[in-house]
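J.: Chain by chain, the residues run as shown.
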Amino acid sequence: NAGVTQTPKFQVLKTGQSMTLQCAQDMNHNSMYWYRQDPGMGLRLIYYSASEGTTDKGEVPNGYNVSRLNKREFSLRLESAAPSQTSVYFCATNRRGDTGELFFGEGSRLTVL
Amino acid sequence: AQRVTQPEKLLSVFKGAPVELKCNYSYSGSPELFWYVQYSRQRLQLLLRHISRESIKGFTADLNKGETSFHLKKPFAQEEDSAMYYCALSGRNTGNQFYFGTGTSLTVIP
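One line per chain: the protein sequences are A and B, in this order.
Here my numbering is used: position 59 in the first sequence is 59, and no number is missing along the way.
My numbering runs 1000 ahead of the 1-based position in the second sequence.
No lab work stands behind these hints, which were simulated from the structure alone.
Partial selection, computed: residues in chain A whose CB lies under 10 Å from chain B: (1) G40; (2) F90; (3) E101; (4) F103; (5) F104.
In silico EDC-like links for lysine to aspartate or glutamate, alpha-carbon gap of 20 Å or less: (6) B:K1009 / B:D1081; (7) B:K1073 / B:D1062; (8) B:K1022 / B:E1032; (9) A:K57 / A:E79; (10) B:K1009 / A:D38; (11) B:K1057 / A:E101.
Every residue gets a Cβ at the ideal spot worked out from N, C-alpha and C, and that includes glycine.
Turn these sequences into a full structure, and let the hints steer you where they fit.
T.: What follows is the structure, given as structure tokens:
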């Protein structure tokens, strides 16, 4: 029972390159989220998916796209990476309709040069 | 609009001293408040939620609706409490979203 798994854990990109962060959960949760964590800014929501087949923008969606591939997987794509997207990215899940506990992945540290 | 404010970015206390991490919020309606903790090299995890009204690792937090606060307290800090602490808010008005504060980095000095 891995919970929430993110890949890759570390990535270095050059400006303009693209990449996809993968998130998979085995908790049978409906809702999935992508956050970014920056010093002094806390956690900011990029996109979320309340259920399979739906996605919604969060606080900082510009420069990102997401795909809710199925109930288990929620990917975050950077089409043309920028230095401002250097951050630690966290995937999280919880049950739909339950404003309770969020379960987080270990994080993915992305550096854009 | 929903907002969570943690006024202290950094907080240092000596081992055995009391610690209080402040959290204030703005929300229309009945919020659910949480404290999440991130220990070094570990993932974020729930420390406690106001609805549970329980003490975890010696920490407590009381929701004060009059002052719109949810401060985290512990009477005697331990070295293992050193971590990053985030206050978070959710509720029916947030559309299933969670709003986090900017975090407080707590260091307990031996």
